[in-house]
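A.B. asks: Produce the entire structure from the sequences given, and follow the hints as far as they go.
Going letter by letter, the sequence shown gives residues 752 to 1211 in the numbering used here.
These are computed hints drawn from the structure, not numbers from a lab. Built from N, CA and C at the ideal position, the CB exists for glycine as well. Honestly, I wouldn't trust all of these hints.
What the hints assert, rightly or not - Pairs of lysine-lysine residues, derived as DSS-like cross-links and limited to a Cα-Cα distance of at most 27 angstroms, are as follows:
| id | residue 1 | residue 2 |
| --- | --- | --- |
| 1 | Lys-1168 | Lys-822 |
| 2 | Lys-1168 | Lys-1193 |
| 3 | Lys-1088 | Lys-1168 |
| 4 | Lys-822 | Lys-798 |
| 5 | Lys-798 | Lys-1193 |
| 6 | Lys-1168 | Lys-798 |
| 7 | Lys-822 | Lys-1193 |
To be verified - Label pairs and their computed distance ranges (CB to CB):
| id | residue 1 | residue 2 | range |
| --- | --- | --- | --- |
| 8 | Pro-906 | Gly-991 | 50 to 58 angstroms |
| 9 | Trp-1005 | Pro-759 | 30 to 38 angstroms |
| 10 | Val-1038 | Met-1012 | 15 to 23 angstroms |
| 11 | Leu-942 | Pro-969 | 32 to 40 angstroms |
| 12 | Ser-1189 | Leu-823 | 16 to 24 angstroms |
| 13 | Pro-1112 | Gly-1178 | 41 to 49 angstroms |
| 14 | Gly-804 | Pro-916 | 23 to 31 angstroms |
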Amino acid sequence: MNRLRSIPPASAFVAFGHLLFIGLLVLAVQHWQLRTIHVDSACQIFKWINNDGLQIEAHRHTAVFPQLLVKLFAWCGASLASLLLVASVAHVLVPWAIFTLIAHVLRRPWHALGCALAAVLCTRLTFYGIVLEVNYLLCYPFLLAAALDVRIAIPQRRWPKLLAPVALLMVLLVHPVGFLLALFVLALFFLREGARAHIIALSLLALVWGLFGRTVLPPTGYEQGLYDGIAAGWESLAQGTQQPALDFFFGHTWGYTTHYMAWWLLAATLLVLLVRRKAWGAVLVLVGSVVGFILLTVLTYHQGETAMMMEKNFLPLATMVALPLLLEVERLGQRAKWIGFAVFAVVLFFQFRGISFASRPVGERFTVLQRVVDDARASGSGSVVMDAAVLDARGLHIHWALSYETLLLSGIDGPAKSVIVRSMDQGQALGHSIDPASLDPKWFQPPVGVEHVLSSQHDQ
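C.D. replies: See below:
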């Protein structure tokens, strides 16, 4: 017992953080097919494997690390199944590597713990949407925070002055709302003594990027539609129309599920700690940022989205609570920190459990995909068209990436067993199509022939 008491709380927290990432790694290995052969993920990972050069999606330049690892293994001659496994694992290794860097190289354990907490606090279905770049906003901002903390603590060192701008660029270039998270982190550290000129300069850079970055890196059509929809969102809010984003956020707090309950409890705890310390500036930053971000999400997605995409929209809230909360825990006494450790462990356990259970609906969709591939192979054709209504009846409601999903899934059994399936509605093709001539024969060799149309009777 005395030996346990002699263990610093931060060390226990960090050890538990590593245990969490090991658990996530196990899930990534266990569910590698669910995580990689799923809509957006299938689309992007197919391009990583089949196409030459780096495939930068929508200017998300600093989300490239998993792709680099997949390219490396492809160059070494790994099989398609191995490449998909690498892609699944890499999306856990990146935040784990940042956690390790912060905890053991920068020696900022409490910042690292915030990274571990953020990894699961608002994550459930999105664990199975690995290429959603907003996931990186659960780790990159913590590297920025740790770099700023080192800059303040050791002002005479030069390398923190260089690390902070690099970390800032990682945040800015990974997702359009990255600049908001960067400004949130910079505002928190501006409230501290030291390096304020440096923080102001970085804040101006983040603000300028947020305002004018779209002129340098133009948004995709999908993103531009979201920007244009904000004005319509105001009108919808003013008219008192039901807001799907709010319904999702509150519904998954105490209605449909209790997924966000832990976030609310930790946010309330953080607010109490800040008020007790009379840290009114931090209270203003926290409340203003959280309320503002929720409002922005409500306006942007006033027409609704799929469950996974809607969950994705709220992921940054995990960072907004986890970072300042763990920095407040750092200020507490030894006994309070151990109480915090118990709460930390319970929260991580239940959120991890939710992530594990979320594999069920994703797995059900994957089972339907397997049946679709089996039917396509039975037709004897390498290219197959299926009626959208039949796919909907089976429970496969998102069709735009079907060709990528079926090609990856079938290609696991060998290049010659590959098939391409796409959907159609009243004779019109839906979703993305793949030209068989563009496929790398090392991975995909679907049988050549006339595209086969499966009848609704066959599929039923």
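A.B. asks: Against each hint, give a clear statement of whether it holds in the structure.
C.D. replies: A quick look at each hint next to the structure:
no., hint, verdict
1, Lys-1168 - Lys-822, "23 angstroms, holds"
2, Lys-1168 - Lys-1193, "12 angstroms, holds"
3, Lys-1088 - Lys-1168, "56 angstroms, violated"
4, Lys-822 - Lys-798, "11 angstroms, holds"
5, Lys-798 - Lys-1193, "14 angstroms, holds"
6, Lys-1168 - Lys-798, "19 angstroms, holds"
7, Lys-822 - Lys-1193, "14 angstroms, holds"
8, Pro-906 - Gly-991: 50 to 58 angstroms, "52 angstroms, holds"
9, Trp-1005 - Pro-759: 30 to 38 angstroms, "37 angstroms, holds"
10, Val-1038 - Met-1012: 15 to 23 angstroms, "19 angstroms, holds"
11, Leu-942 - Pro-969: 32 to 40 angstroms, "35 angstroms, holds"
12, Ser-1189 - Leu-823: 16 to 24 angstroms, "23 angstroms, holds"
13, Pro-1112 - Gly-1178: 41 to 49 angstroms, "31 angstroms, violated"
14, Gly-804 - Pro-916: 23 to 31 angstroms, "27 angstroms, holds"
Comparing the model with each earlier hint shows violations of hints 3 and 13; every other hint is respected.
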